[in-house]
Amino acid sequence: MRLYALFVYVFLYLPIAVIAIFSLNAGRHASQFTGFSTQWYAKALSNPFVMEALWTSFVVALCSAIIASIFGTMAALGLQGMKGRVRVLADALIYVAVMVPGIVIGIATLIALVTLFGWINPLLALLAPEGRAPQLAMGYGSLIAAHALFSMSLVIIILRARLAGMDRSLMEASADLYAPPLATFRQVTLPLIFPGILAGFLLSFTFSFDDFIIAFFVAGSETTLPIYVFSSIRRGVTPEINAIGTMVLAVSLLLLIVAQLILRSGTRKGGR
Amino acid sequence: MQRRLSTWLLLAPAGLWFAVMLVLPLCFVLVFSFGQREAAGGYVPAFTFEQYANLPARWTAFRNTLTLAPLGTILSLLIAYPLAYFLAMRADPKWRTMLLILVIVPFWTSILIRSYAWIFILGGQGLPALVDWLGFGSIRLINTPFAVLTGIVYGYLPLMVLPVYVSLERLDKRLLEASADLGAPPLQSFLQITLPLSLPGVATGCMLVFILLMGEFLIPAMLGGGKVFFIGNALVDLFLQSRNWAFGAAVAVTLVAIMLVTVTLYMSLMRRLGGAREDVSLM
Amino acid sequence: MSDKIDHISRQKFMEELRRYQKGSVSRRHFLGVTGLGAAAAALGAAMPALLPRPAFAQANIGDRVILATWPNYHDPANFDAFAAETGAAVQMNVFGSNEEMLAKLQAGGSGWDVFIPTNYTISTYVEQDLIEPLDLSLIPNYDGVSFDQRFAGPGTIDGKVYAVPKNWGTTGFAVNTNNTGGTTPTTWKEFWDLTQTTFSGRTMVHDYQLTTIGNALKYFGYSFNSIDTAELADAEKLLMACKPHLFAISSDYQPSMRSGDAWMTICWTGDGKQMNRDMPEIVYVLGKEGGELWSDFYAIPKGAPHRDAAYALINFLLTPDINAKEVLFHGYPVADSRVNALLPPEVLNDPILYPAADLLSALEFGAAATLTDPNRAELMARFKSA
Chain Y
1 MRLYALFVYV FLYLPIAVIA IFSLNAGRHA SQFTGFSTQW YAKALSNPFV
51 MEALWTSFVV ALCSAIIASI FGTMAALGLQ GMKGRVRVLA DALIYVAVMV
101 PGIVIGIATL IALVTLFGWI NPLLALLAPE GRAPQLAMGY GSLIAAHALF
151 SMSLVIIILR ARLAGMDRSL MEASADLYAP PLATFRQVTL PLIFPGILAG
201 FLLSFTFSFD DFIIAFFVAG SETTLPIYVF SSIRRGVTPE INAIGTMVLA
251 VSLLLLIVAQ LILRSGTRKG GR
Chain Z
1 MQRRLSTWLL LAPAGLWFAV MLVLPLCFVL VFSFGQREAA GGYVPAFTFE
51 QYANLPARWT AFRNTLTLAP LGTILSLLIA YPLAYFLAMR ADPKWRTMLL
101 ILVIVPFWTS ILIRSYAWIF ILGGQGLPAL VDWLGFGSIR LINTPFAVLT
151 GIVYGYLPLM VLPVYVSLER LDKRLLEASA DLGAPPLQSF LQITLPLSLP
201 GVATGCMLVF ILLMGEFLIP AMLGGGKVFF IGNALVDLFL QSRNWAFGAA
251 VAVTLVAIML VTVTLYMSLM RRLGGAREDV SLM
Chain P
1 MSDKIDHISR QKFMEELRRY QKGSVSRRHF LGVTGLGAAA AALGAAMPAL
51 LPRPAFAQAN IGDRVILATW PNYHDPANFD AFAAETGAAV QMNVFGSNEE
101 MLAKLQAGGS GWDVFIPTNY TISTYVEQDL IEPLDLSLIP NYDGVSFDQR
151 FAGPGTIDGK VYAVPKNWGT TGFAVNTNNT GGTTPTTWKE FWDLTQTTFS
201 GRTMVHDYQL TTIGNALKYF GYSFNSIDTA ELADAEKLLM ACKPHLFAIS
251 SDYQPSMRSG DAWMTICWTG DGKQMNRDMP EIVYVLGKEG GELWSDFYAI
301 PKGAPHRDAA YALINFLLTP DINAKEVLFH GYPVADSRVN ALLPPEVLND
351 PILYPAADLL SALEFGAAAT LTDPNRAELM ARFKSA
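Chains as they are written, first to last, in my numbering: chain Y, 1 to 272; chain Z, 1 to 283; chain P, 1 to 386.
The set of hints was computed from the structure by calculation and includes no laboratory data.
Yeah, the Cβ is synthetic: ideal placement off N, Cα and C, and Gly gets one too.
The hints are all genuine.
Have a look at the derived ranges for each label pair, beta carbon to beta carbon: (1) Y/Phe-36 with Z/Val-261: 52 to 58 Å; (2) P/Gly-221 with Y/Ser-231: 34 to 40 Å; (3) Z/Phe-146 with P/Asp-228: 35 to 41 Å; (4) Z/Ser-138 with Y/Met-51: 40 to 46 Å; (5) Y/Ala-26 with P/Lys-160: 47 to 53 Å; (6) Z/Ser-138 with Y/Ala-26: 27 to 33 Å; (7) Y/Asn-121 with Z/Thr-60: 36 to 42 Å; (8) Z/Ala-129 with Y/Ala-161: 44 to 50 Å; (9) Z/Ala-129 with P/Asp-228: 43 to 49 Å; (10) P/Met-279 with Y/Phe-58: 38 to 44 Å; (11) Z/Leu-273 with Y/Tyr-95: 16 to 22 Å; (12) Z/Ala-129 with Y/Ala-26: 18 to 24 Å; (13) Y/Tyr-95 with Z/Leu-187: 35 to 41 Å.
Residues from chain Y that face chain Z, not an exhaustive set, calculated with beta carbons under 10 Å: (14) Tyr-4; (15) Leu-14; (16) Tyr-95; (17) Val-100; (18) Ala-112; (19) Leu-113; (20) Ile-156; (21) Phe-212; (22) Ile-213; (23) Gly-245; (24) Thr-246.
Throw the hints in and build the complete structure from the sequences for me.
Next up, the structure:
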């Protein structure tokens, strides 16, 4: 049994080890190890396009995670204890958002936005005849909006589980003591669900940061890090990709550990 | 009255978001699927069932997806179950959380980069070279269904381990002790107590993995060498190579329809078998 | 990317270039260290390399230019030199097919400044209103007279120049002769037959329809450009029969060919040259039945975000001595007589770059109708998803 578990762990971590080892390869061909060097890290870090892709990914992940956390939390609170048609509709929408494959979401968003922009842009041009009309295009906006959709569903699902397990009597007590709703929220509800929000935020961030397939369709002229890595792989395999990969893995790992710690400390305090 | 207003205000932003970024795009796809291809590629509005009539041309992609997705799901389960069992029942409690986190970590890291690693391992200078060196003759792994399946199992294993672990861990251990006290051999206890009680976790894990596999594009693209085609690959090809948006939309609609039907059937089946009612939480 | 040309690292090159520009090292030292001295010698005495070029009129062209191009198609050192000269770094997006480039431009918001369409696509881009006529006053290094019209002609439509020629080439196949038992196949018939027999699991084809279908048509002796449904049906039958025997369907075949995973692939001139240069056992073959002759161009899409930098980059890459360095790297022939004057005779006599007349005369240029034909697109999509 223990041997089996060990075997599975090797299976899980062997590829990651391979990436990390070859990122330290001195030669430029990724398939043969010719010596030890950290030059590819220096190369990746001094490559302006890697840095820019990293920045794009970071901004998109941060914005979409913030939007998803705020609106997702609001929606989860709004849905709390709700029944009837609205609830059914909301459940269906969340269910669809999580279930429809990313590839279909990406394509659908592309089709819809390109068509919409095709209608709106001439109108904008008419409204500003000096020829300085802002033109809508795929880019940061579409990326953030598409990622926020999935993340929002994630946040709502996490928070709903948390709100369901929460002691409602606390909130009722607060209301009985004539605390205004906002004060109840700030002093009772928020501290209780905050670990959930934070975990949702971090998961949203990680999802957006790693997403390739949706971004592939809706990024327009922007290049996120996964898109950069994908096109680098097509350009031929070099240890630079391994170096980028190792760094990305390290950052994801860090975020995860933080998320895990927060979630656990929250569980202990919240007492579920 | 005030409470209703505040509820609506709370729901409004998310509602608007879902309307614009989910409902509207899906409607567009539906509309496009009845259209036609523009001569040089793109979309011309029309109302025709031509695209749906052409669906059999992608039969192989559908078949690949509908065989490799369940197969990948079952393989993941077969590999994940013993590990989850070990973690929940046999592992030293001191290390349990750590070991569990070690399983989850890879899932939340880039699947792109993890699949990329398999290009090395399965490529001619990786595992096949080792096999050859050991004297077992030359084999070819990369760009085969086997490579794609390996990538799939690797990519989604953590997603399977977690729900199974949760259901096993919640299992009342006293039941097993009672069974042992009554003289049941371990295998019988496992089959009659552990396995049935862990089914909700198995159901959740299978559903999660299956859903993700149905829309898979990256793993076949990277490890299949353009030879092992999933519907996801056919979709990318239709939009980014042959520029047939109308047909692509029809394929997308069909994919979503298949998923809605399978998942709904599966969930009602599982519900009837008693369980799997809890919300799915990925962490 | 070949190691041979890249004698010193790019970074080192840049440092040296900067030192040279600042005057802290002599030109001789610079040429010696960077290995450009040897290249310069090979290029002959007439080479005007590293003479001060007229400064670019637009002092500030921005800090970047985005180039959509093909695999293994540029000497990275030239991009570094461009960045040093103008301050604009070049970002490469690598594509596998003209169809993919067209799809990306049709979807809008590609964000490219320069891209590299092939001869048969240009009329479609013009019809679809996706590219703009070039302002030749911004490309002083383009000298129409010095270009062979056969390869430069498709860039001009209705008297307007929409694209200027980069280089031309052929589409044949590359085969690793270590695996053929000493003989070298010479026809497309052998290519497809080997694929289904001794080379099973070892052959690669391009992942776009024009060449893959075109060269399957050649098996039957049909035109490379055929859009005849009966002939396409024959090609489909052949392709479907070969599908299980393929190693991969991909336009980036160098890594697999070099690692020995793949033994044979449909191949462009320059990739054939690059592989042959490093691994002489990989040879480049033009099928006797014919195949494709093509010419690639630089063009600027409508709404390019860094238009000034786009013109500057095209102008820079068309500078004869820079273009000559590109040729030495990528191994494709150019149609510019000024560049040919700078190339060493062994390049000009290379049978990979300049095939024998009888092989060349059998080749066909791809046609616009071949690119946009819906049946060919759907056939390829069926083949890939089969």
